[in-house]
Amino acid sequence: MNLPQYVLRRLFFAVIVVLSVITITFVLSHYVGSDVIVAWLGKSAALHPQLAQLYAAKYHLNEPIWVQYYYYIVGLLQGNFGYSPSRG
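For the sequence shown, the residue numbers in my numbering are 584 to 671.
Worth flagging that the hints you see were computed from the coordinates, not collected in a lab. It is possible that part of the hints are untrue.
As the list claims (entries may be wrong) - Label-pair distances were calculated between CB atoms; the ranges are:
1. 637 - 596: 40 to 48 Å
2. 663 - 622: 13 to 21 Å
3. 633 - 593: 49 to 57 Å
Backbone N, C-alpha and C fix where the C-beta goes; we use that ideal spot for every residue, glycine too.
Produce the complete structure using the sequences and hints provided.
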């Protein structure tokens, strides 16, 4: 096996590994945690249901899982690693 084939093969497997890690991270964060809106807003979620609906619409939390995954991947490719409610 010559060097260009070796490099291409390694790059191919690196892409597969990165996509696998991204997918596993998304699935675990989606299914392990509790309701994201309640975690972000705390007791305010029950007091302000319109605010909870606004957050759900803004972050596509009312969409099917595959749509959320699409926005997750697009955000990562654009350098948007998400919103941290503790950091703003």
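Kindly confirm whether 40 to 48 Å is satisfied by the beta carbon distance between residue 637 and residue 596.
Given about 42 Å between the Cβ atoms, the range holds.
Starting from the range 49 to 57 Å, see whether the pair residue 633 and residue 593 falls in it by beta-carbon distance.
The hinted range 49 to 57 Å holds for residue 633 and residue 593, with Cβ atoms some 51 Å apart.
Just tell me: holds or violated, for the beta carbon distance of residue 663 and residue 622 against 13 to 21 Å?
Taking Cβ atoms as reference, residue 663 and residue 622 lie about 20 Å apart, which means the hint holds.
Of the numbered hints listed earlier, not one is contradicted by the structure.
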